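Produce the complete structure using the sequences and hints provided.
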Amino acid sequence: MGVAALILTGFAVVGTGLVAVTYTGTKDIIAEAQRQALEASLNQLVPADRYDNRITEDVIEVTAPEWLGTDQPVTVYRARKDGQPVALFGTPVAPDGYSGPIQLLIGVYADGTLAGARVLAHKETPGLGDAIEERRSLWILAFAGKSLGNPEPARWKVKKDGGAFDQFTGATITPRAVVKATRKFLEYVQTHQAQLFAPAATLAKEQKS
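Take 6 as the starting number for the sequence shown in this note's numbering and just add one per residue.
Just so you know, these hints were derived from the structure itself, not from any lab. Not one of these hints is a red herring.
Within a straight-line C-alpha distance of at most 35 angstroms, the following computed DSBU-like cross-link-like pairs (lysine-lysine) qualify: (1) 162 x 185; (2) 128 x 189; (3) 32 x 86; (4) 162 x 189; (5) 185 x 128; (6) 162 x 86; (7) 128 x 164; (8) 165 x 128; (9) 86 x 185; (10) 185 x 165; (11) 165 x 189; (12) 128 x 162; (13) 189 x 86; (14) 32 x 128; (15) 185 x 164; (16) 189 x 164.
This structure is a prediction, so every number in the text was calculated from the model and none was measured.
This is how it looks when you write it as C-alpha coordinates:
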(Lines of atoms letter the chains of each structure in order from A and count residues from 1; the text may use other names and numbers.)
(Lines give C-alpha, C1' and ligand atoms only; values in the text may rest on other atoms or scores of the structure.)
Protein backbone atom coordinates (compact mmCIF):
# COMPACT_ATOMS: atom_id res chain seq x y z
CA MET A 1 0.00 0.00 0.00
CA GLY A 2 1.42 3.41 -0.99
CA VAL A 3 1.87 6.38 1.31
CA ALA A 4 -1.15 8.18 -0.17
CA ALA A 5 -3.34 5.12 0.35
CA LEU A 6 -2.14 4.74 3.93
CA ILE A 7 -2.93 8.39 4.63
CA LEU A 8 -6.43 8.04 3.14
CA THR A 9 -7.02 4.87 5.14
CA GLY A 10 -5.89 6.65 8.29
CA PHE A 11 -8.28 9.54 7.64
CA ALA A 12 -11.11 7.06 7.05
CA VAL A 13 -10.44 5.26 10.34
CA VAL A 14 -10.17 8.52 12.26
CA GLY A 15 -13.31 9.86 10.58
CA THR A 16 -15.28 6.74 11.46
CA GLY A 17 -14.08 6.98 15.04
CA LEU A 18 -15.12 10.62 15.27
CA VAL A 19 -18.57 9.82 13.87
CA ALA A 20 -19.00 7.04 16.44
CA VAL A 21 -17.87 9.27 19.30
CA THR A 22 -20.08 12.13 18.10
CA TYR A 23 -23.10 9.81 17.77
CA THR A 24 -22.56 8.34 21.23
CA GLY A 25 -22.10 11.76 22.78
CA THR A 26 -25.16 13.19 21.00
CA LYS A 27 -27.24 10.15 21.95
CA ASP A 28 -26.36 10.64 25.62
CA ILE A 29 -27.18 14.35 25.44
CA ILE A 30 -30.55 13.65 23.83
CA ALA A 31 -31.37 10.95 26.39
CA GLU A 32 -30.52 13.29 29.27
CA ALA A 33 -32.61 16.10 27.73
CA GLN A 34 -35.56 13.70 27.38
CA ARG A 35 -35.15 12.57 30.99
CA GLN A 36 -35.11 16.17 32.22
CA ALA A 37 -38.19 17.02 30.14
CA LEU A 38 -40.01 14.01 31.56
CA GLU A 39 -39.05 14.93 35.12
CA ALA A 40 -40.28 18.49 34.51
CA SER A 41 -43.65 17.12 33.38
CA LEU A 42 -43.91 14.83 36.40
CA ASN A 43 -42.91 17.65 38.74
CA GLN A 44 -45.84 19.71 37.48
CA LEU A 45 -48.03 17.17 39.22
CA VAL A 46 -45.85 16.23 42.21
CA PRO A 47 -43.21 18.78 43.30
CA ALA A 48 -39.64 17.46 43.35
CA ASP A 49 -39.27 18.12 47.08
CA ARG A 50 -41.99 15.54 47.80
CA TYR A 51 -39.76 12.61 46.76
CA ASP A 52 -36.07 11.70 46.87
CA ASN A 53 -35.66 8.80 44.41
CA ARG A 54 -34.65 8.92 40.74
CA ILE A 55 -38.20 8.83 39.52
CA THR A 56 -37.40 8.27 35.85
CA GLU A 57 -35.50 5.11 36.78
CA ASP A 58 -38.02 3.70 39.27
CA VAL A 59 -40.37 2.37 36.60
CA ILE A 60 -42.38 -0.68 35.64
CA GLU A 61 -44.36 -1.64 32.55
CA VAL A 62 -47.95 -2.80 32.99
CA THR A 63 -50.58 -4.08 30.59
CA ALA A 64 -54.25 -3.77 31.49
CA PRO A 65 -56.39 -2.78 28.47
CA GLU A 66 -59.67 -2.71 30.39
CA TRP A 67 -58.30 -0.06 32.76
CA LEU A 68 -55.58 1.68 30.76
CA GLY A 69 -57.34 2.01 27.41
CA THR A 70 -54.63 0.36 25.31
CA ASP A 71 -53.29 -3.10 24.52
CA GLN A 72 -49.75 -1.72 24.67
CA PRO A 73 -47.64 -1.71 27.86
CA VAL A 74 -47.99 1.49 29.88
CA THR A 75 -45.03 2.89 31.80
CA VAL A 76 -45.62 3.61 35.49
CA TYR A 77 -43.19 5.93 37.30
CA ARG A 78 -42.96 5.67 41.11
CA ALA A 79 -42.07 8.51 43.50
CA ARG A 80 -40.76 7.62 46.97
CA LYS A 81 -39.49 9.47 50.02
CA ASP A 82 -37.11 7.62 52.35
CA GLY A 83 -38.18 4.44 50.57
CA GLN A 84 -41.88 4.99 51.25
CA PRO A 85 -44.45 5.36 48.43
CA VAL A 86 -45.41 8.96 47.68
CA ALA A 87 -47.09 8.86 44.28
CA LEU A 88 -47.13 7.13 40.95
CA PHE A 89 -47.65 8.33 37.42
CA GLY A 90 -49.08 6.53 34.43
CA THR A 91 -49.74 7.29 30.79
CA PRO A 92 -53.12 5.69 30.10
CA VAL A 93 -55.17 6.32 26.99
CA ALA A 94 -58.71 7.60 26.62
CA PRO A 95 -59.60 5.48 23.56
CA ASP A 96 -62.94 7.13 22.83
CA GLY A 97 -62.01 10.72 22.07
CA TYR A 98 -63.98 12.50 19.36
CA SER A 99 -61.14 12.32 16.83
CA GLY A 100 -59.23 9.36 18.21
CA PRO A 101 -57.30 8.21 21.28
CA ILE A 102 -56.14 10.79 23.83
CA GLN A 103 -52.83 10.12 25.59
CA LEU A 104 -52.83 11.22 29.23
CA LEU A 105 -50.33 11.66 32.04
CA ILE A 106 -51.97 11.06 35.42
CA GLY A 107 -50.41 11.29 38.87
CA VAL A 108 -51.92 9.59 41.91
CA TYR A 109 -50.73 10.01 45.50
CA ALA A 110 -50.32 6.95 47.70
CA ASP A 111 -53.56 7.84 49.53
CA GLY A 112 -55.53 7.58 46.28
CA THR A 113 -55.86 11.31 45.69
CA LEU A 114 -55.14 12.65 42.24
CA ALA A 115 -52.00 14.74 41.99
CA GLY A 116 -53.32 15.90 38.65
CA ALA A 117 -53.72 15.07 34.99
CA ARG A 118 -52.29 16.40 31.75
CA VAL A 119 -52.85 15.65 28.07
CA LEU A 120 -49.76 14.41 26.23
CA ALA A 121 -51.21 13.90 22.76
CA HIS A 122 -54.57 14.15 20.99
CA LYS A 123 -56.24 14.92 17.65
CA GLU A 124 -59.30 16.71 18.98
CA THR A 125 -60.95 19.60 17.13
CA PRO A 126 -59.06 22.91 17.45
CA GLY A 127 -61.15 25.50 19.25
CA LEU A 128 -63.44 22.86 20.76
CA GLY A 129 -62.05 19.56 22.03
CA ASP A 130 -58.54 20.91 22.41
CA ALA A 131 -59.70 22.73 25.55
CA ILE A 132 -58.45 19.63 27.37
CA GLU A 133 -54.96 21.12 26.94
CA GLU A 134 -53.67 23.18 29.86
CA ARG A 135 -52.54 25.94 27.48
CA ARG A 136 -56.07 26.25 26.09
CA SER A 137 -58.11 26.19 29.31
CA LEU A 138 -57.95 25.45 33.02
CA TRP A 139 -60.35 22.51 32.72
CA ILE A 140 -57.71 19.78 33.12
CA LEU A 141 -56.50 21.33 36.39
CA ALA A 142 -59.80 20.48 38.09
CA PHE A 143 -58.72 16.85 38.53
CA ALA A 144 -56.10 17.69 41.18
CA GLY A 145 -57.32 16.65 44.62
CA LYS A 146 -60.09 14.42 43.31
CA SER A 147 -60.41 10.74 44.24
CA LEU A 148 -62.85 7.85 43.94
CA GLY A 149 -64.56 9.27 47.02
CA ASN A 150 -64.54 12.88 45.79
CA PRO A 151 -66.73 12.75 43.86
CA GLU A 152 -68.24 9.30 44.39
CA PRO A 153 -67.74 6.89 41.46
CA ALA A 154 -71.27 7.37 40.13
CA ARG A 155 -70.55 11.08 39.62
CA TRP A 156 -67.33 10.57 37.67
CA LYS A 157 -69.07 11.86 34.55
CA VAL A 158 -69.59 15.19 32.84
CA LYS A 159 -72.52 17.25 34.09
CA LYS A 160 -74.54 16.51 30.95
CA ASP A 161 -74.52 12.85 32.02
CA GLY A 162 -75.43 13.66 35.63
CA GLY A 163 -71.87 13.88 36.87
CA ALA A 164 -69.65 16.42 38.60
CA PHE A 165 -67.34 17.52 35.78
CA ASP A 166 -67.85 20.36 33.34
CA GLN A 167 -68.07 19.72 29.62
CA PHE A 168 -67.23 22.15 26.82
CA THR A 169 -69.75 24.08 24.79
CA GLY A 170 -70.20 22.12 21.58
CA ALA A 171 -67.81 19.37 22.68
CA THR A 172 -69.01 16.81 25.18
CA ILE A 173 -67.39 13.65 23.83
CA THR A 174 -63.81 14.80 24.49
CA PRO A 175 -64.14 15.70 28.20
CA ARG A 176 -66.36 12.66 28.73
CA ALA A 177 -63.55 10.44 27.43
CA VAL A 178 -60.92 12.09 29.65
CA VAL A 179 -63.09 11.87 32.78
CA LYS A 180 -63.80 8.19 32.12
CA ALA A 181 -60.14 7.34 31.49
CA THR A 182 -59.05 9.18 34.63
CA ARG A 183 -61.61 7.32 36.75
CA LYS A 184 -60.51 3.99 35.30
CA PHE A 185 -56.87 4.76 36.07
CA LEU A 186 -57.81 5.62 39.67
CA GLU A 187 -59.67 2.31 39.93
CA TYR A 188 -56.66 0.47 38.54
CA VAL A 189 -54.30 2.10 41.04
CA GLN A 190 -56.67 1.41 43.94
CA THR A 191 -57.00 -2.25 42.95
CA HIS A 192 -53.30 -2.87 42.27
CA GLN A 193 -51.57 -0.38 44.55
CA ALA A 194 -49.40 -2.92 46.38
CA GLN A 195 -48.09 -4.39 43.14
CA LEU A 196 -47.61 -1.00 41.49
CA PHE A 197 -45.45 0.31 44.32
CA ALA A 198 -43.52 -2.95 44.77
CA PRO A 199 -39.84 -2.97 43.70
CA ALA A 200 -39.56 -3.94 40.03
CA ALA A 201 -37.77 -7.22 40.85
CA THR A 202 -40.52 -8.23 43.27
CA LEU A 203 -43.24 -7.42 40.75
CA ALA A 204 -41.51 -9.40 38.01
CA LYS A 205 -41.23 -12.40 40.35
CA GLU A 206 -44.96 -12.17 41.21
CA GLN A 207 -45.94 -11.98 37.54
CA LYS A 208 -43.94 -15.15 36.77
CA SER A 209 -45.43 -17.13 39.65
